[in-house]
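Enquirer: Residues 1 to 294 in UniProt numbering are what the sequence shown lists, from first letter to last.
It is worth saying that the hints were derived from the structure and are not from the lab. Mixed in with the good hints there might be a few duds.
[What the hints assert, rightly or not] SDA-like cross-link-like pairs, simulated, lysine to any residue; straight-line CA separation at most 25 Å: (1) Lys46 x Thr11; (2) Lys258 x Thr183; (3) Lys50 x Ala107; (4) Lys16 x Gly99; (5) Lys233 x Gly174; (6) Lys233 x Leu247.
[To be verified] Computed Cβ-Cβ distance ranges for the label pairs, DEER-style: (7) Gln34 x Ser159: 44 to 54 Å; (8) Pro265 x Ala244: 14 to 24 Å; (9) Ala204 x Glu42: 39 to 49 Å; (10) Leu119 x Thr17: 48 to 58 Å; (11) Thr17 x Ala277: 37 to 47 Å; (12) Ser177 x Gly44: 48 to 58 Å; (13) Ala24 x Ala215: 41 to 51 Å; (14) Ser261 x Glu14: 40 to 50 Å; (15) Gly174 x Arg54: 28 to 38 Å; (16) Glu23 x Glu200: 37 to 47 Å; (17) Ala49 x Glu23: 33 to 43 Å; (18) Gly44 x Ala107: 24 to 34 Å; (19) Ala215 x Pro4: 27 to 37 Å.
Note that the coordinates shown come from a computational prediction; the quantities given were computed from them, not determined experimentally. All C-beta atoms, glycine included, are put in the ideal place defined by N, C-alpha and C.
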Amino acid sequence: MVDPKLTTFLTLVEEKTTVRCAEALHLSQPAVTQHIRSLEAEYGVKLFAKEGRRLTLTEAGARFYRMARRLPAMEAQLRAALAEGEAAPLHFGVTRSIGEGLMPRLAPALLEALPGRRLEMRLQNTRTLLEELDKGEIEFALIEGNASHRRYCCRPFYSARFSALGAARGRWAGCQSLAALCTAPLLAREAGSGSREILESALAARGLSAEDFAACHVFESVPVLLELAALDKGVTFAYEVAAAPLLESGRLARLAAKDFSLIRPFAFVTLPHSPFARQEQYLFEHIRDLCARL
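I would like the entire structure built from these sequences, with the hints used as guidance.
Expert: The following block contains the structure:
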């Protein structure tokens, strides 16, 4: 069972005041204060600072919160695993590029590798998946974006080419530089996605941004972006593994080959010191080996 003092701490972070925290937990305000003081004494750090009527986390309190907020969900996972044994569901998440590019080939092999397990996969952008991992809502994430190696255990399992793509015989097919591509509308992923973050970093390194394109249209769907690019509605930047069918059919082609082509790792991301470390290592090795054969 999660320590009631930790429950009080987590609730106080959300509610911002001892009054609302006490109401939410049906405790007295002195009881809330005592719980926080006990935690501060136990761990030897100051968790909150007062700003007017509101409480804000100290730097140590923020670190404590990042770890503590995972505990309720981890406890629920442990209870489910003990209650259901090997049949406990495996919750994991993948980014859209991986979900729509790799998972159709990986999913059948995962089902075979985990007989008797129920798999529950969710499709989100990198930022959302890391938040769900922090909360313990998923056990691991497969991402193509950047994740802090201080906060997460990141293991690369696949290397993918990230390229500028457009209609093979379209208006921008002959563009060999990023500067030339800026005359086209940009078909981009939403903020928070790993692909958008990588694109913006790559453009910035070349003195460019999304605003330098003729227009910027945002879609959360990788298939929609690729289809629009194949229809010559603009140019997009995506992983070639997600665009493989359109590239192989000749509808899409790589653009700006002279100055834009990145090789990026996909990462298997978990929380450090997870109670499921052995299972996670097995899954990582299995996924890595499967991808090596693609």
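Enquirer: With reference to the structure, classify each hint as holding or not holding.
Expert: Hints versus structure:
no.: 1; hint: Lys46 x Thr11; verdict: 17 Å, holds
no.: 2; hint: Lys258 x Thr183; verdict: 17 Å, holds
no.: 3; hint: Lys50 x Ala107; verdict: 49 Å, violated
no.: 4; hint: Lys16 x Gly99; verdict: 37 Å, violated
no.: 5; hint: Lys233 x Gly174; verdict: 15 Å, holds
no.: 6; hint: Lys233 x Leu247; verdict: 16 Å, holds
no.: 7; hint: Gln34 x Ser159: 44 to 54 Å; verdict: 53 Å, holds
no.: 8; hint: Pro265 x Ala244: 14 to 24 Å; verdict: 18 Å, holds
no.: 9; hint: Ala204 x Glu42: 39 to 49 Å; verdict: 45 Å, holds
no.: 10; hint: Leu119 x Thr17: 48 to 58 Å; verdict: 42 Å, violated
no.: 11; hint: Thr17 x Ala277: 37 to 47 Å; verdict: 38 Å, holds
no.: 12; hint: Ser177 x Gly44: 48 to 58 Å; verdict: 57 Å, holds
no.: 13; hint: Ala24 x Ala215: 41 to 51 Å; verdict: 46 Å, holds
no.: 14; hint: Ser261 x Glu14: 40 to 50 Å; verdict: 45 Å, holds
no.: 15; hint: Gly174 x Arg54: 28 to 38 Å; verdict: 58 Å, violated
no.: 16; hint: Glu23 x Glu200: 37 to 47 Å; verdict: 43 Å, holds
no.: 17; hint: Ala49 x Glu23: 33 to 43 Å; verdict: 22 Å, violated
no.: 18; hint: Gly44 x Ala107: 24 to 34 Å; verdict: 47 Å, violated
no.: 19; hint: Ala215 x Pro4: 27 to 37 Å; verdict: 54 Å, violated
In summary, the numbered hints that this structure violates are 3, 4, 10, 15, 17, 18 and 19.
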